[in-house]
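> Here is how the chains run, residue by residue.
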Amino acid sequence: MIFIGYFSLPVVSLTSFFTGGALALQIYYGGNQFNSEAIVSSIVALGITRELGPVLGGIVVAGRVSSAIAAELGTMKVTEQIDALKTLSADPISYLIVPRIISGIIMLPILIIFADIIGIMGGWFIGTQSLGFNGSAYIQNTIDFLEVNDISSGLIKASFFGFIITIMGCYQGFNSNGGAQGVGKATTNAVVSASVLILASNYIMTNLFFAS
Amino acid sequence: MIKIENLHKYFENKKVLNGVNLDIEEGTSSVIIGGSGTGKSVLIKCILGLLTPEEGKISIKNNFIFENGKFKKNSKIKIGMLFQGGALFDSLRIWQNVSFYNIQNGKNKKFCFEDAILNLEKVGLSKDVVNLYPSELSGGMQKKSCFSKGYFH
Chain A
1 MIFIGYFSLP
11 VVSLTSFFTG
21 GALALQIYYG
31 GNQFNSEAIV
41 SSIVALGITR
51 ELGPVLGGIV
61 VAGRVSSAIA
71 AELGTMKVTE
81 QIDALKTLSA
91 DPISYLIVPR
101 IISGIIMLPI
111 LIIFADIIGI
121 MGGWFIGTQS
131 LGFNGSAYIQ
141 NTIDFLEVND
151 ISSGLIKASF
161 FGFIITIMGC
171 YQGFNSNGGA
181 QGVGKATTNA
191 VVSASVLILA
201 SNYIMTNLFF
211 AS
Chain B
1001 MIKIENLHKY
1011 FENKKVLNGV
1021 NLDIEEGTSS
1031 VIIGGSGTGK
1041 SVLIKCILGL
1051 LTPEEGKISI
1061 KNNFIFENGK
1071 FKKNSKIKIG
1081 MLFQGGALFD
1091 SLRIWQNVSF
1101 YNIQNGKNKK
1111 FCFEDAILNL
1121 EKVGLSKDVV
1131 NLYPSELSGG
1141 MQKKSCFSKG
1151 YFH
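As they're listed, the protein sequences go chains A and B. First residue of the first sequence: 1, per my numbering; consecutive thereafter. First residue of the second sequence: 1001, per my numbering; consecutive thereafter.
Bound conformation, chain A alone:
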């Protein structure tokens, strides 16, 4: 849990902060610059909580955690440590895989709560420092515009992404073979498959949550 959650916080925070800032700039320069304070704050909040927070956070964590899990389990597989577990009557599934999956499902939404807050603050920072917005009005607009559904849908997505990230890391690591080269291949496959599945499942969940 500490590895997946706490140690991923810096990279997720940085990603979210700069994404929020860039989003604010794009909306400001791309749209009507007059009376844009309410529009920028609301679209940044919506974009971060519903989509960019969970998706970018998920992909960043996939790069960090899925690869580490695949490398760790892959090394255990090729050095016969998983076989050794079995001979000591320990079930590798419940000893190695289940705790990682539970950690992913719990920690990703917690990380994304931070990502949401920091992403919105990124937009606020650029808005107040570069675009000349009023800081308190920006925050008030954000609070007025956001609904519980916007945040909860992002957190549900994050939880599912946590499952994808850990299950792909475990699957690729557990099925690696062929020594160091096999572990390297498993690590790459874990990150690629987790990232693609995050993007695909994000589309499906967005459709489920907001299409009706």
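Please keep in mind that the hints were generated in silico from the structure rather than gathered at the bench. Incorrect hints may have been included.
[As the list claims (entries may be wrong)] Taking lysine-lysine and the PhoX-like style, the derived pairs with C-alpha atoms no more than 25 Å apart in a straight line are:
id, chain 1, residue 1, chain 2, residue 2
1, B, Lys1072, B, Lys1040
2, B, Lys1078, A, Lys86
3, B, Lys1143, B, Lys1045
4, B, Lys1045, B, Lys1057
5, A, Lys77, B, Lys1045
6, B, Lys1078, B, Lys1061
7, A, Lys77, B, Lys1073
8, B, Lys1015, B, Lys1070
9, A, Lys86, B, Lys1143
10, B, Lys1057, B, Lys1040
11, B, Lys1143, B, Lys1127
12, A, Lys86, B, Lys1040
13, B, Lys1070, A, Lys86
14, B, Lys1057, A, Lys86
15, A, Lys77, B, Lys1078
Note that the coordinates shown come from a computational prediction; the quantities given were computed from them, not determined experimentally.
Given chain A, put chain B in place with the hints provided.
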């Protein structure tokens, strides 16, 4: 005793074990000798349940653990194994490796720690190594620790 009847194991098209029959009496030592790639490790892994044979029977102490193409559910095979590469758990200290079976079975930490020291002394390792990680030991010391882990559980 360990009894093996007509054991077959294939890897894709390669037949590694072709009708192996073997009886090992309790309290005896047996050695399996053969050229590289002739299936010595495969045979041992089949007995331990790490590989599933295609057909044949394996019984340990007159209980069939493998027959009709599958291992019996919940058949606890309590056999120690010294793996070729050691297979010590990298993330655990030596005493946790040696006492892994006891820790998994809920024995208290103090007992597990003292038991590990005792077992390590039996293979000629001092208690200075108990708190080290496998990567901090020499190859020979790792092998001894692994023997201790496999033999004394």
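> Evaluate each hint against the coordinates.
Here's how the hints hold up against the structure:
no., hint, result
1, Lys1072/B with Lys1040/B, "23 Å, holds"
2, Lys1078/B with Lys86/A, "10 Å, holds"
3, Lys1143/B with Lys1045/B, "19 Å, holds"
4, Lys1045/B with Lys1057/B, "14 Å, holds"
5, Lys77/A with Lys1045/B, "14 Å, holds"
6, Lys1078/B with Lys1061/B, "11 Å, holds"
7, Lys77/A with Lys1073/B, "23 Å, holds"
8, Lys1015/B with Lys1070/B, "18 Å, holds"
9, Lys86/A with Lys1143/B, "19 Å, holds"
10, Lys1057/B with Lys1040/B, "17 Å, holds"
11, Lys1143/B with Lys1127/B, "16 Å, holds"
12, Lys86/A with Lys1040/B, "19 Å, holds"
13, Lys1070/B with Lys86/A, "17 Å, holds"
14, Lys1057/B with Lys86/A, "20 Å, holds"
15, Lys77/A with Lys1078/B, "21 Å, holds"
Of the hints listed earlier, there is not a single one the structure fails to meet.
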